[in-house]
Amino acid sequence: MTDVRPDLALIARHVARGARVLDVGCGDGALMAELRATANADVRGLELDPANVAAAVARGLAVVQGDADTDLRYYPDASFDYAILSQTLQTTRRPDLVAEELLRIGKQAFVSFPNFAHWRGRVSLLFGGRMPVVKILPYMWYDTPNIHHVTIDDFRAMVRDRGWKIDGQWFLNGGRETGSANANLFAEHAVFLLRG
Amino acid sequence: MSAHSEIAAPSTDQRFGLRRSVRLPGPLRLDSGASLAPVDIAYETYGTLNADGSNAMLICHALTGDQFVASDHPVTGKPGWWVRAVGPGKPIDTDRYFIICANVLGSCLGSSGPASVDPATGVPWAMRFPVITIADMVRAQGMLLDALGIGQLAAVIGGSMGGMQALLWPTLFPDRVRSAIVIASTSRHSAQNIAFHEVGRQAIMADPRWRGGDYYADGDAPAAGLAVARMAAHITYLSEAGLTEKFGRKLQARESKTFGFDADFQIESYLRHQGISFVERFDANSYLYITRAMDYYDMAEDQGGSLALAFARTRARYCLISFDTDWLYPTAESRIIVHALHAAGREASFVELSSPFGHDAFLLDAPEMNRVIDGFLRAGE
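Keeping their order, the protein sequence lines are chains A and B.
Residue numbering for the first sequence follows our numbering, starting at -11 and increasing by one per position.
Residue numbering for the second sequence follows our numbering, starting at 252 and increasing by one per position.
The hints are simulated quantities; they were obtained by calculation from the structure and are not laboratory data.
For each residue, glycine too, the CB sits at the ideal point set by N, CA and C.
A portion of the hints provided could be inaccurate.
Examples of chain B residues lying across from chain A (beta carbon under 7 Å, computed) [stated by the list, open to error]:
id, residue
1, Gly277
2, Tyr521
3, Ser600
4, Val602
5, Arg622
6, Val623
7, Arg629
8, Ala630
9, Glu632
Extracted from the complex, chain B is given alone in its bound form:
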């Protein structure tokens, strides 16, 4: 299926499967006041939608994630980012659920973003792409579900920025989702969260190759800036204990310090590798837009500061999971959400799980998390 297929696909199955994309006429009205049309959304589906459409589940991906949740990444060739949790017989069971995962608005894996061509000018949007919010991403997902003929989701699930979307879903679409699973996430971006993102953005914009975002024509992207942004962010995804355990002060393939600025330490080498491999698969402008969307995210802001009010009209049941070594979105952030859900009278489950892996724990082997997700989903069936 091409990136420019019509909404009215010839047959149902054409809309479902791996590496799909759809061009929706829009317009999508954005929080900024701007609107976007058309809206391209790249997505994948797994499993089979049952006759009454009651087994649909939406997986929302994180900042630098993508729709390739359980299939090989087209650029890196690596397995999907959540194969540990998604698949036949897994807690997010593709035998029981019809799973949809869409590339978020603003990203660069096929959905509309700064790297897409602006139909009005015929050149990439670059920084002329409208600034988007997490809620805009969710509304775009709602449009995709309309196009797929899915009225209501059995569940929406996501970690990190995906958790923000999952948390917003019942607020924006109270009738369209029955359960929400929010992992390692938050109801608002803190000053510290914004600060780290600003470091990343400044690294990109300080790269002379960035050129105000218009680097697409010659393909000479601000790779160095984006790599540094990734390196800084990557530290926030790990824990100090995890770093110490994995790297400590160990030297990288050498017997002693070089008294220079090469990557003497293993942690330096590791971070450089993270930065370099990231630029192969991600667009620097997308990184600017999506981090901005996350910084603008504050669910209580529109409710006069009351998070409970944000849940007043929702009907979904919620499950929140945090990890004890996650200092990016620490457990306290999940507790704030839980307390607000209680104040709003919502049904909520919450558990803080133990892991040495920090924020990234949800992407790694987490048998307890899998057990909790499985039990929560089955109870909603």
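This is chain A alone, in the form it adopts within the complex:
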């Protein structure tokens, strides 16, 4: 495994070989390249930032410039084995609708996000009285792309309310996998594998 972000590496480890994958918010294609190399997957990407798209296409990846909030509707039902949304859910205008689209397009969906309820953030807010600026969420409140902060328990509640199923869940702290006990307090990142 090359120098891939830990949550991406985790997803890559759980993608079945030769799968058809749509990476929503694929950035410069790091996960796509990993999946292509290690899982021989047929990977497509959707990315908002033109510079990232150009970089991804220039490395030979099939990436389309577009917006997760508006462009997922053009993908046919169940056209992918997996739809992946890594570290992007909290930046969308309607995370619930985006997740719904992921589960329509993919037979399963990986969703990873930074956990707003991690204890560092809680401490920062409790004692500082201001929006936390921490390692996993390094932005000021006014310039953050993360317009829908979400905690692991919030996410679980949405999944339950929508009647989706959790096929897998993994938690990361300091780049390493950590247990699910008290994940909402101790995990910096969460990765869920969902089914509609």
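Given the structure of chain A, go ahead and fit chain B onto it with the hints provided.
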């Protein structure tokens, strides 16, 4: 090689190289129902076809483009129109690819068009030349590849009208092309696109020298009409921001306004120059025929309005590139294509690049475009 050489050229290398042309017996059955025979095609090739013929690439040119993609133009003496992208070590690498670029059907640089002589009458076709479509151009290219012994293209690439051909290629010949690169293009001509073309055609036909298209005998062509057509079209190739930056309201070689109708403004002088230099290298009737072909172009039309259906049988991988200041074929047109490709389950890449140069951006220095083309092509090798 003369314009009347036989298909069965004496040796392979005679078919390849600069300034080639071939007369194909045809007939080429046209979308209009008419057919054309024989079919002359003028073309150039660059690079070397490898032993298994797997490195062939077709470049499709735009409305007023030609086959001189990377060699000097025989009339103007100017360098090829895409030397920035095509050549040794360039993204369209003549060291790796065997490149073919053919003058489109209907044009006037050696391929059959209204200025060619109708063998049945011995005089130029003029307006008796059958009306052609973009698909007819592509089918003629297919005939050329047959004559060159090329079964399958590694890639087909084009900008603007060339992009229309590149987009049609996998639909018309699903087994003959592995990758398609479509730049600053569209899947159909919009009302606005048709409108601008109609202005150009009317300018030509309103020129008394046009004479119903029969102006070849005395060489007195409708230059004024064609120049105006070019001037109107040229505006659509640029962007307002680009025009403002380059010309603004600057005056042309004078201190103040003349209170007359001379070219006071630099933009006027520039457009007049564009018009005048264009007529030296282009035939007015060809301009009528090719703009008509573009106006008739609508890939979804034959599929009950579903563009996705047009891609249903294709197998190629696609790369689409648009430019943010292109208002002739704006990014939204490329997105329509991308969404249809996704609906059809095709592999597609798409990026909108930033440029101040409008539609013409793909012909100018575009390092990002070059990077994308290079990466996309290498991934297909």
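Each hint, compared with the structure:
The interface hint given for B/Gly277 is violated, since its Cβ lies 38 Å from the closest Cβ of chain A, which is over the 7 Å cut-off. Annotation: interface hint on B/Tyr521 violated; nearest CB of chain A at approximately 30 Å, more than 7 Å. The closest approach between the C-beta of B/Ser600 and any C-beta of chain A is roughly 5 Å, which is under the 7 Å cut-off, so the hint is satisfied. The criterion of a C-beta within 7 Å of any C-beta in chain A is met by B/Val602, whose closest approach is roughly 4 Å, and the hint holds.
Annotation: interface hint on B/Arg622 holds; nearest CB of chain A at approximately 4 Å, less than 7 Å. Proximity of B/Val623 to chain A holds as hinted, the smallest CB-CB distance being about 5 Å (cut-off 7 Å). Here the hint on B/Arg629 is kept, as its CB sits about 6 Å from the closest CB of chain A, short of 7 Å. At about 3 Å, the closest approach between the beta carbon of B/Ala630 and any beta carbon in chain A falls short of 7 Å, and the interface hint on this residue holds.
At a threshold of 7 Å, the smallest CB-CB gap from B/Glu632 to chain A is about 9 Å, leaving the interface hint violated.
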